[in-house]
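K.L.:
Chain by chain, the residues:
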Amino acid sequence: MAADVKKGIDTTKNPIPFEMAQVPGPEQAKCFMPKVMGAIIKKAKRPLLVVGAELFDDPIMFDKMIEMGKMGIPIAATAHSVKGFVDRGYMENVYQIGLHPLTNYLRFPDWKGLDGQGQYDAVIFMGIFYKFANAMFATLKNFNRDIKRISVDRYYHINANMTFGNMAFNANDYHAAVDEVIAAMKK
Amino acid sequence: MATKEGSFSVEDMKNVQINIGAVVKEADEWDQEMGPFPKPGVATLRDWDYKIMNRYKIMYAPADDTCTLCTYGPCDLTGNKKGACGIDQAGACGKIVLIACLMGCCAHAAHGRHLYHWCLDKFGDMKFDMGDEILVDSPLYQTIIGKKPKTLKDFDEGLAYLEEEVVQLVASTHTGQEGYFMDFESKALHTGMMDDLGMEICDLLQIVAYDMPRGAADAPLIEIGMGTLDQNKGVLIAYGHNLAAGAEAMIYAENNNLWDKVDIGGVCCTAFDLTRITETGRDSKVPKNLGPKAKIAGAMGWWRKMVRAGVMDCVMVDEQCVYCDVLGDAQMRKIPVIATTDKIMLGLPDRTNDPVDQIVEDLVSFKMPGVAVLDPTKAGEIGIRVAIAVKPKRAEAKIQNLITAEQFKEGVEKCTTCNECAFVCPPHIRISDLIAEAKKGNLEAFSSMYEICVGCGRCEQSCPQGINILDLFEYANRQYVKNQKFRMRAGRGPARDTEIRAVGMPIVMGTIPGVIALVGCSNYPKGTKECYDIAKEFVDRGYIVVTSGCMAMDMSLYTDADGKTIWEQYGGGFDGRNICNTGSCVANANIMGAAIKVATIFARRNHRANFDDIADYILNKVGACGIAWGAYSQKAASIATGCNRLGIPVVVQPHSVMYRRSFMGRADKPEDWMTIDARDGSLQQVEPAPEAMLYIAETKEEAMLEMAKLCFRPSDNSIGRGIKLTHYCDISMKYFGKLPDDWHLFVRDVKDLPLVYKEDMLKTLEEKYGWKIDWKAKKILSGPLRPADVSFDPTLIARKIRTKK
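So the protein sequences, as listed, match chains R and U.
The first sequence lines up with residues 0 to 186 when you count with this note's numbering.
The second sequence lines up with residues 489 to 1293 when you count with this note's numbering.
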């Protein structure tokens, strides 16, 4: 309906951890609408997009990530996801690094970043094996709270600051939500 | 008064009572002096631990932001806040890690203690003899305790030491005791070392008592898979880790000529140890060549699939890795259960002292769903007799082992696609998609996911429609189960000294690119085939591949184009292009033992009570890397931590974040990689090799790349470094489509460069990294962290400096 289209995809529904028992404690992520997410990412001074191998299960997401990369956000390609970028001929600001060593570096304020320009102020996770992403968010949540933890994945990520609700079973809505994030970043 | 070692005078002494403890006479029998750290206490090796932890920073991923261990709690520790007792989040994580490692260590140590008593009771004391080709016969025991056991009874000293350490370690976890995270981790590393010791004692006891292979590269090929269990016989399953009762069942079957009436299959590590019994043909009180008569039904991850597949008539459980609902699952299908150790009694009545005939009657007539019988001999006899007698009774009772086509259809029709099951599935199988395909008559989706399902059964509990999802999997894979028949090599035990002599130099120089150890359980992120894929990648590349436990079993379920399993494709030696099955979970100790043997046999380092020296050697010179891809248990946490203290890095799968702690280096911090050159005590920055001690990989592709990288060592010569870099770069090109971003860190000289990439790499070094290249001479003039130097003798231990500058 026209009203819904104007409002955009509701990404605040189903705030349940994708692995239901992942309920760590009193501080839990809030769900946000795509436009807000996009605006917050845009506002970040040193954002880092962190993508994982689940992108291979939904290859269109590589194109969306490349679109974000072209807007100047560096991409940390974890696991073997860098192959998706190689295959698409986009390596401009793509770095190959495992999520585990990356998070290890992120927890230290004195790290200079993948480009040597300094620590990041926001990380945006997507396409990463759920339990792994959840745990690495937990590391940052507990040991480096200066970095904003954002998930634009199709899962509710309880250890993030900002996340979508669960959209794991509705690919179309999820794709549209990511498009709205990108559109908001372009504004 | 003492005059010299081994003698004393009692002249002029009155009213003196002399207590003689252990008699020390090792000096005459061992060419090594006693090292600095015999039976190290909780804090003895703390300096070594801090060396590891200062380089490999402790990284926590808390699974819980609260602490609920005392009545002050719950305390919110989010953001590393302190709780009421003063412990912060890092300390709380460290405490949980230590407790987990202690659980694992105790599981192995208690197994060893049980076997110690059982073997002495059954066989009496025996000479500890590993044969002529294994003279360094107890490398961990000797490195930690500083003594050589001569008989089985001698192992009591090691067990008693271990037990005392464990009590001290457990005590430190009480609220109000240890509170600093690094000291928790030092204690966890100590626990890991205790675990190594416990595992070694356990495996050595059973190798000698049950006459198992002693480093036999040609250990027999044995049958594995559900399809190997002969359904025309009574099928007894021995499930767990302790062979005592299962072995007694085999001996009973042998002595009473019952093999035509009964089949014995093992699940989890008991399976391995049963198939290792009496294979050397030495003197033994157990019938000869018994082992290969047992079969490996499967790894622990297949347990519930086996129950649903209806392949068993009776089950004996012993200890470790047994699903807690084994009785309920069995009872539904009228499969009698016999609990055989006091570790797992399942609420069953203890019938140890009742007559065998009465127990058999009660189980066969289904008067009781199960019994606890803590005498292995009695349990073994009962297991065999019940399996044989209950089979026709189960047939008469018309037990429905398998669902019908109609029931399958009803099951799939009930699905409302609510996806509650997907929210709890560890490998994230979209079960509703499989069901949607099944509704259309296509079972392929269910078939292809069978190996990926870890068999946890959480989906069934979450399903609001009560669909028995594992039954649907079974229905769709019935033919596969029947055909699940493969062959794998029986556990061969330790590496022989001769094998170590042959490979020591190539390992340390790097010309054998590394030793890869695949160990662990069955909680894989993407199925059992990954075990085969990883193993094959590294065997094909010429690494020494060793394996054990459930991962060894799971890699056996796949074949090449010629129908050969990995065991039929390659030899079983401790050598490049071989795959070497050491045995069960406790046989992991043989892998650590092999690393020690490289130091002591090849490099002639004194290992006696000299743990940190040996670990330092391994860290700097032995390119070994473990992978626990399906690790699920606290034992796996403890094993990995034990490897880490010994200087062996480990890669784990993404589910392993539940262990909470990892050890990660920072390649960007030069000061972390300063290493002593033992020749003169000078400090040298080395490349980050190995870069991490405990690394979590997201996918098998990432794991393989990291494993290749974690085999780099500062001691590699140029040929070896070139070989290692070649594999690192090849794996990256194969699975990542590009060279890794950090390859240049490992280049010290032009000779280190892989031939195939040499020209391009030289250009990149000049253009991207600003190195100076003499193109005519094809030489690197400046740029590397350090020059290649074959004489470089890297160490982190100051006492190893030979001549001070």
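Treat the hints with care, since some could be wrong.
[As the list claims (entries may be wrong)] Pairs of lysine to aspartate or glutamate residues, derived as EDC-like cross-links and limited to a Cα-Cα distance of at most 20 Å, are as follows:
| # | chain 1 | residue 1 | chain 2 | residue 2 |
| --- | --- | --- | --- | --- |
| 1 | R | Lys111 | U | Glu1159 |
| 2 | R | Lys12 | U | Glu908 |
| 3 | U | Lys1014 | R | Asp56 |
| 4 | U | Lys1226 | R | Glu91 |
| 5 | U | Lys1157 | R | Asp57 |
| 6 | U | Lys970 | U | Glu711 |
| 7 | U | Lys1226 | R | Asp114 |
| 8 | U | Lys749 | U | Asp718 |
| 9 | U | Lys1267 | U | Glu1247 |
| 10 | U | Lys569 | R | Asp114 |
| 11 | R | Lys29 | U | Asp564 |
| 12 | R | Lys111 | U | Glu1247 |
| 13 | R | Lys29 | U | Asp552 |
| 14 | U | Lys1014 | R | Asp114 |
| 15 | U | Lys1157 | R | Asp109 |
| 16 | U | Lys570 | R | Asp145 |
| 17 | U | Lys545 | R | Asp62 |
| 18 | U | Lys970 | U | Glu908 |
| 19 | U | Lys1014 | R | Asp145 |
| 20 | U | Lys1017 | R | Asp56 |
| 21 | U | Lys1256 | R | Glu91 |
| 22 | U | Lys1017 | U | Asp718 |
| 23 | U | Lys1256 | R | Asp114 |
| 24 | U | Lys569 | R | Asp145 |
| 25 | R | Lys111 | U | Asp1229 |
| 26 | R | Lys111 | U | Asp718 |
| 27 | U | Lys570 | R | Glu26 |
| 28 | R | Lys63 | R | Asp86 |
[As the list claims (entries may be wrong)] Distance windows between CB atoms, simulated:
| # | chain 1 | residue 1 | chain 2 | residue 2 | range |
| --- | --- | --- | --- | --- | --- |
| 29 | U | Asp1028 | R | Gly88 | 27 to 35 Å |
| 30 | U | Val655 | R | Pro14 | 23 to 31 Å |
| 31 | R | Pro25 | U | Lys641 | 53 to 61 Å |
| 32 | R | Glu91 | U | Lys1157 | 52 to 60 Å |
| 33 | U | Ser1270 | R | Gly71 | 46 to 54 Å |
| 34 | U | Glu932 | R | Asp62 | 51 to 59 Å |
| 35 | U | Glu932 | R | Ala38 | 27 to 35 Å |
| 36 | R | Pro14 | U | Gly1059 | 38 to 46 Å |
| 37 | R | Ala175 | U | Gly1051 | 45 to 53 Å |
| 38 | R | Glu91 | U | Gln1172 | 36 to 44 Å |
| 39 | R | Ala20 | U | Glu1056 | 36 to 44 Å |
For the record, the hints were derived by calculation from the structure and aren't laboratory data.
Just so it is clear, CB atoms sit at the ideal spot from N, CA and C, and this is done for glycine as well.
K.L.:
Would you mind marking each hint as holding or not holding in the structure?
P.N.:
Hint check:
1. R/Lys111 / U/Glu1159: Holds, because 16 Å separates the two Cα atoms, which is no more than 20 Å.
2. R/Lys12 / U/Glu908: Distance ~16 Å between lysine 12 of chain R and glutamate 908 of chain U Cα, so the pair holds.
3. U/Lys1014 / R/Asp56: holds (13 Å)
4. U/Lys1226 / R/Glu91: Holds. Lysine 1226 of chain U to glutamate 91 of chain R sits at ~14 Å (cutoff 20 Å).
5. U/Lys1157 / R/Asp57: violated (37 Å)
6. U/Lys970 / U/Glu711: holds (14 Å)
7. U/Lys1226 / R/Asp114: Judged against 20 Å, a Cα distance of about 18 Å means the pair holds.
8. U/Lys749 / U/Asp718: holds (10 Å)
9. U/Lys1267 / U/Glu1247: Holds, because 12 Å separates the two Cα atoms, which is no more than 20 Å.
10. U/Lys569 / R/Asp114: Roughly 32 Å between the alpha carbons, so the hint for lysine 569 of chain U and aspartate 114 of chain R is violated.
11. R/Lys29 / U/Asp564: holds (19 Å)
12. R/Lys111 / U/Glu1247: Violated. Lysine 111 of chain R to glutamate 1247 of chain U sits at ~30 Å, over the 20 Å cutoff.
13. R/Lys29 / U/Asp552: Roughly 18 Å between the alpha carbons, so the hint for lysine 29 of chain R and aspartate 552 of chain U holds.
14. U/Lys1014 / R/Asp114: Not OK: lysine 1014 of chain U and aspartate 114 of chain R at ~33 Å, beyond 20 Å, violated.
15. U/Lys1157 / R/Asp109: holds (10 Å)
16. U/Lys570 / R/Asp145: Cα-Cα ~19 Å, so holds.
17. U/Lys545 / R/Asp62: Given that 20 Å is the threshold and the Cα spacing comes to 36 Å, the pair is violated.
18. U/Lys970 / U/Glu908: The given pair, whose Cα atoms are some 31 Å apart, is violated under the 20 Å limit.
19. U/Lys1014 / R/Asp145: Distance of about 34 Å is beyond 20 Å: violated.
20. U/Lys1017 / R/Asp56: Given that 20 Å is the threshold and the Cα spacing comes to 19 Å, the pair holds.
21. U/Lys1256 / R/Glu91: Holds: lysine 1256 of chain U and glutamate 91 of chain R sit about 15 Å apart, inside 20 Å.
22. U/Lys1017 / U/Asp718: violated (25 Å)
23. U/Lys1256 / R/Asp114: Since the Cα atoms of lysine 1256 of chain U and aspartate 114 of chain R sit roughly 13 Å apart, the hinted pair holds (cutoff 20 Å).
24. U/Lys569 / R/Asp145: holds (15 Å)
25. R/Lys111 / U/Asp1229: Between lysine 111 of chain R and aspartate 1229 of chain U the Cα gap is close to 16 Å, so the pair holds against 20 Å.
26. R/Lys111 / U/Asp718: This hinted pair is violated, its Cα atoms lying about 63 Å apart.
27. U/Lys570 / R/Glu26: Given pair lysine 570 of chain U, glutamate 26 of chain R holds - Cα atoms ~15 Å apart, limit 20 Å.
28. R/Lys63 / R/Asp86: OK: lysine 63 of chain R and aspartate 86 of chain R at ~15 Å, within 20 Å.
29. U/Asp1028 / R/Gly88: 27 to 35 Å: holds (30 Å)
30. U/Val655 / R/Pro14: 23 to 31 Å: Distance hint for valine 655 of chain U, proline 14 of chain R is violated at roughly 45 Å.
31. R/Pro25 / U/Lys641: 53 to 61 Å: Since the Cβ atoms of proline 25 of chain R and lysine 641 of chain U sit about 55 Å apart, the hinted range of 53 to 61 Å holds.
32. R/Glu91 / U/Lys1157: 52 to 60 Å: At 28 Å between Cβs, range violated.
33. U/Ser1270 / R/Gly71: 46 to 54 Å: Since serine 1270 of chain U and glycine 71 of chain R have Cβ atoms about 34 Å apart, the given range 46 to 54 Å is violated.
34. U/Glu932 / R/Asp62: 51 to 59 Å: Cβ of glutamate 932 of chain U to Cβ of aspartate 62 of chain R: about 29 Å, so the range 51 to 59 Å is violated.
35. U/Glu932 / R/Ala38: 27 to 35 Å: The hinted range 27 to 35 Å is violated for glutamate 932 of chain U and alanine 38 of chain R, with Cβ atoms some 45 Å apart.
36. R/Pro14 / U/Gly1059: 38 to 46 Å: violated (55 Å)
37. R/Ala175 / U/Gly1051: 45 to 53 Å: holds (49 Å)
38. R/Glu91 / U/Gln1172: 36 to 44 Å: holds (37 Å)
39. R/Ala20 / U/Glu1056: 36 to 44 Å: holds (42 Å)
Taken one by one, the earlier hints fail for this structure at numbers 5, 10, 12, 14, 17, 18, 19, 22, 26, 30, 32, 33, 34, 35, 36, listed in ascending order.
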